[in-house]
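A.B. asks: The chain contents come next:
2 protein chains.
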Amino acid sequence: MNSAAFDVVGIGNAIVDVIAHADERFLVDEGFASGAMTLIDAERAEALYRKMGPAIESSGGSAGNTMAGIASLGGAGGYIGKVRDDLLGEVFRHDITAIGVRFDTPAATAGPGTARCLVMVTQDGQRTMATYLGACVDLGPEDIDADLIGAAQITYLEGYLFDPPRAQAAFRAAAAIAHRAGRQVALSLSDPFCVGRHRAAFRELVAGDIDILFANEAEICSLYETEDFAAAAAAVRGQVAVAALTRSAVGSVILAGAESHVVAAAPVARIVDTTGAGDLYAAGFLYGLTRGLALPTCGAVGSLCAAEIISHVGARPEVALAGLVKAACVL
Amino acid sequence: MNSAAFDVVGIGNAIVDVIAHADERFLVDEGFASGAMTLIDAERAEALYRKMGPAIESSGGSAGNTMAGIASLGGAGGYIGKVRDDLLGEVFRHDITAIGVRFDTPAATAGPGTARCLVMVTQDGQRTMATYLGACVDLGPEDIDADLIGAAQITYLEGYLFDPPRAQAAFRAAAAIAHRAGRQVALSLSDPFCVGRHRAAFRELVAGDIDILFANEAEICSLYETEDFAAAAAAVRGQVAVAALTRSAVGSVILAGAESHVVAAAPVARIVDTTGAGDLYAAGFLYGLTRGLALPTCGAVGSLCAAEIISHVGARPEVALAGLVKAACVL
Chain D
1 MNSAAFDVVG IGNAIVDVIA HADERFLVDE GFASGAMTLI DAERAEALYR KMGPAIESSG
61 GSAGNTMAGI ASLGGAGGYI GKVRDDLLGE VFRHDITAIG VRFDTPAATA GPGTARCLVM
121 VTQDGQRTMA TYLGACVDLG PEDIDADLIG AAQITYLEGY LFDPPRAQAA FRAAAAIAHR
181 AGRQVALSLS DPFCVGRHRA AFRELVAGDI DILFANEAEI CSLYETEDFA AAAAAVRGQV
241 AVAALTRSAV GSVILAGAES HVVAAAPVAR IVDTTGAGDL YAAGFLYGLT RGLALPTCGA
301 VGSLCAAEII SHVGARPEVA LAGLVKAACV L
Chain F
1 MNSAAFDVVG IGNAIVDVIA HADERFLVDE GFASGAMTLI DAERAEALYR KMGPAIESSG
61 GSAGNTMAGI ASLGGAGGYI GKVRDDLLGE VFRHDITAIG VRFDTPAATA GPGTARCLVM
121 VTQDGQRTMA TYLGACVDLG PEDIDADLIG AAQITYLEGY LFDPPRAQAA FRAAAAIAHR
181 AGRQVALSLS DPFCVGRHRA AFRELVAGDI DILFANEAEI CSLYETEDFA AAAAAVRGQV
241 AVAALTRSAV GSVILAGAES HVVAAAPVAR IVDTTGAGDL YAAGFLYGLT RGLALPTCGA
301 VGSLCAAEII SHVGARPEVA LAGLVKAACV L
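Sequence order for the protein chains is D and F.
Quick note: the first sequence uses this note's numbering, first residue 1, plus one each step.
Quick note: the second sequence uses this note's numbering, first residue 1, plus one each step.
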């Protein structure tokens with residue numbers, strides 16, 4: 001591999017999270033599937049926000065969270081995503097650049113406002129999300145910075161990007177650029193319902209363009225239309241060079257060629273809010289890969305980062321992850 | 001006392017907090033007094049925000065935090081404060097009404113935007129604040145809802161309100177209405193530098209119009225221009241019916257007539273962010289008073305609420321304080 005100026009470049013929906021506590025009853029009344037992400041329009045977002053409890057606002061977006069994690073670990077990261085030139089867009093740009101991630105995608109100057117994700121966190125720490133995509137629908141192939149992609153060891157794509165209309169094309173363009181430059185392409189499946197909405201396209205992408213795949217149990221089972229995790233794991237093996245399959249408190253399973261590695265979850269005193277757990281696992285894992293670490297160590301770093309993020313409200317790290325990893329003597 | 005529809009009505013600067021971690025060096029470089037609140041203009045706020053780390057946004061404002069605490073304890077609260085009709089104004093209104101506080105003050109439709117407080121939290125959990133008052137400067141006597149004040153057992157004023165130009169008049173109008181209705185008036189001194197800016201006016205108000213006074217050590221010492229806490233405590237005794245003087249980890253001292261009560265601080269596993277500690281102590285204390293509890297018990301409830309707020313980032317409660325107080329068997 002050529003030397004690279006960036007460790008990882010993430011491409012994703014640029015979103016500001018609005019996080020509130022909610023009870024199970026509220027989710028049922030509003031018709032949301034617990035733990036999943038539902039797309040909503042601007043009107044529904046306004047109506048839902050009015051019914052939600054007091055909230056905090058925090059920059060989010062799956063790949064955005066991952067890139068914040070990479071930067072917090074000490075990695076060099078870039079981000080591609082679309083905000084509007086409004087207050088939330090400024091907040092998103094401030095937060096991701098302030099943590100040290102390069103973010104040059106121009107803001108939309110017309111059209112819908114910056115995306116918002118209304119995150120409802122239940123007593124058990126589980127999060128259920130309702131996303132208004134807003135300006136994210138304007139992301140297209142023209143936003144893919146070929147120099148940035150070519151300069152990154154790994155290009156990381158979030159599966160949620162299959163929802164906005166022109167992002168799949170942006171995705172494929174980025175993957176092609178990365179591979180032409182001799183780089184690797186990683187994908188997170190993001191959400192079982194998102195996989196269900198775009199299953200054929202996801203399968204084609206995974207089989208043809210993805211080197212490193214992240215998925216949780218529900219997502220990998222949805223991709224291969226099975227309820228059996230072992231069957232889904234067998235199906236993905238060989239489709240990608242590395243598959244990191246996360247299983248919440250059970251930890252993760254890493255598949256690479258004929259190898260399998262089981263990695264434990266890191267201990268958490270109290271699970272407060274699981275938002276961003278998968279995103280930060282990916283951050284730790286990818287950071288490890290770019291440092292040439294063995295796969296089980298990559299998984300252990302991922303587990304540590306995920307444990308930090310679920311111990312507090314919000315999906316961006318509250319402490320420097322580099323220090324956390326160092327203190328845990330994982331590296 | 002007549003029966004009251006509201007337990008407490010708070011009057012304050014309606015502010016959205018922008019909270020980021022910072023190191024001591026940054027505070028020194030920017031010229032901020034650690035632990036204090038500095039007023040800044042819009043331009044400085046923009047420049048400072050650009051230099052700050054990744055942040056979260058959370059509704060704040062000293063009296064706003066206190067009222068959120070009262071509601072979280074199960075009390076009936078109202079709030080008077082000025083936002084602009086912009087996104088942050090909507091966020092502030094959403095959060096305070098969603099927790100159950102009555103907030104009817106109309107938003108300004110012109111002039112500066114909703115106020116922001118840039119909160120810099122250092123490793124030790126100490127917070128240093130830089131406030132752009134924005135729309136708060138438009139609060140005036142015409143915003144005082146006489147019916148609301150008359151219907152509340154206690155009207156609570158934050159000392160920070162001495163800064164915007166017309167709020168002192170609003171303050172005095174509210175105190176007069178409350179007393180005419182046979183109600184009580186409480187004041188928090190808010191900040192030692194704020195006391196320094198308006199010492200004569202504060203002393204006159206305390207001596208003439210205040211029934212219940214909240215202050216920390218630095219504030220009460222600033223009010224009476226002494227470095228000796230005992231001397232300051234002696235000076236305030238008799239000026240007000242009740243003075244609750246908070247001393248961080250040492251707990252609080254409550255003075256009432258010839259009585260003195262020393263109340264311990266509640267234990268905290270890890271102090272993450274002290275923003276709102278005084279505000280939430282006041283919430284617990286005032287809630288206790290409206291329930292007719294003995295003064296030491298009022299202080300103990302205040303200590304519990306303060307302990308919750310300093311255990312996480314942000315100055316609004318993350319859990320229902322009513323449950324917390326119940327679990328601690330204080331009531």
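These aren't lab readings, by the way, just hints derived from the structure by calculation.
Careful: at least some of the hints might be erroneous.
One copy or two, it doesn't matter: identical chains are merged, so the pair holds either way.
Cross-link-like lysine to any residue pairs, in silico, SDA-like; alpha carbons within 25 Å at most [unchecked claim]:
| # | residue 1 | residue 2 |
| --- | --- | --- |
| 1 | K326 | T38 |
| 2 | K326 | L293 |
| 3 | K326 | A36 |
| 4 | K326 | V272 |
| 5 | K326 | G111 |
| 6 | K51 | V272 |
Remember, it's a predicted structure, so these values are computed and weren't measured experimentally.
A.B. asks: So, for every hint listed, does it hold in this structure?
C.D. replies: Here is how each hint holds up against the structure:
In the homo-oligomer, the alpha carbons of K326 and T38 never lie at most 25 Å apart, since the shortest distance is 37 Å inside one protomer and 36 Å across protomers. Taking the closest pair of Cα atoms, K326 and L293 come within 25 Å of each other only inside a single copy of the chain (14 Å); across copies the shortest separation is 50 Å, beyond that limit. Taking the shortest Cα distances, K326 and A36 never come within 25 Å of each other, neither inside one copy (33 Å) nor across copies (33 Å). Taking identical chains as interchangeable, the C-alpha atoms of K326 and V272 lie at most 25 Å apart whether they share a chain (24 Å) or sit on different chains (21 Å).
With identical chains, the CA atoms of K326 and G111 are never at most 25 Å apart, being 45 Å at best within one copy and 50 Å at best between copies. Only within a single protomer do K51 and V272 lie at most 25 Å apart by alpha-carbon distance; the minimum there is 22 Å, versus 29 Å between protomers.
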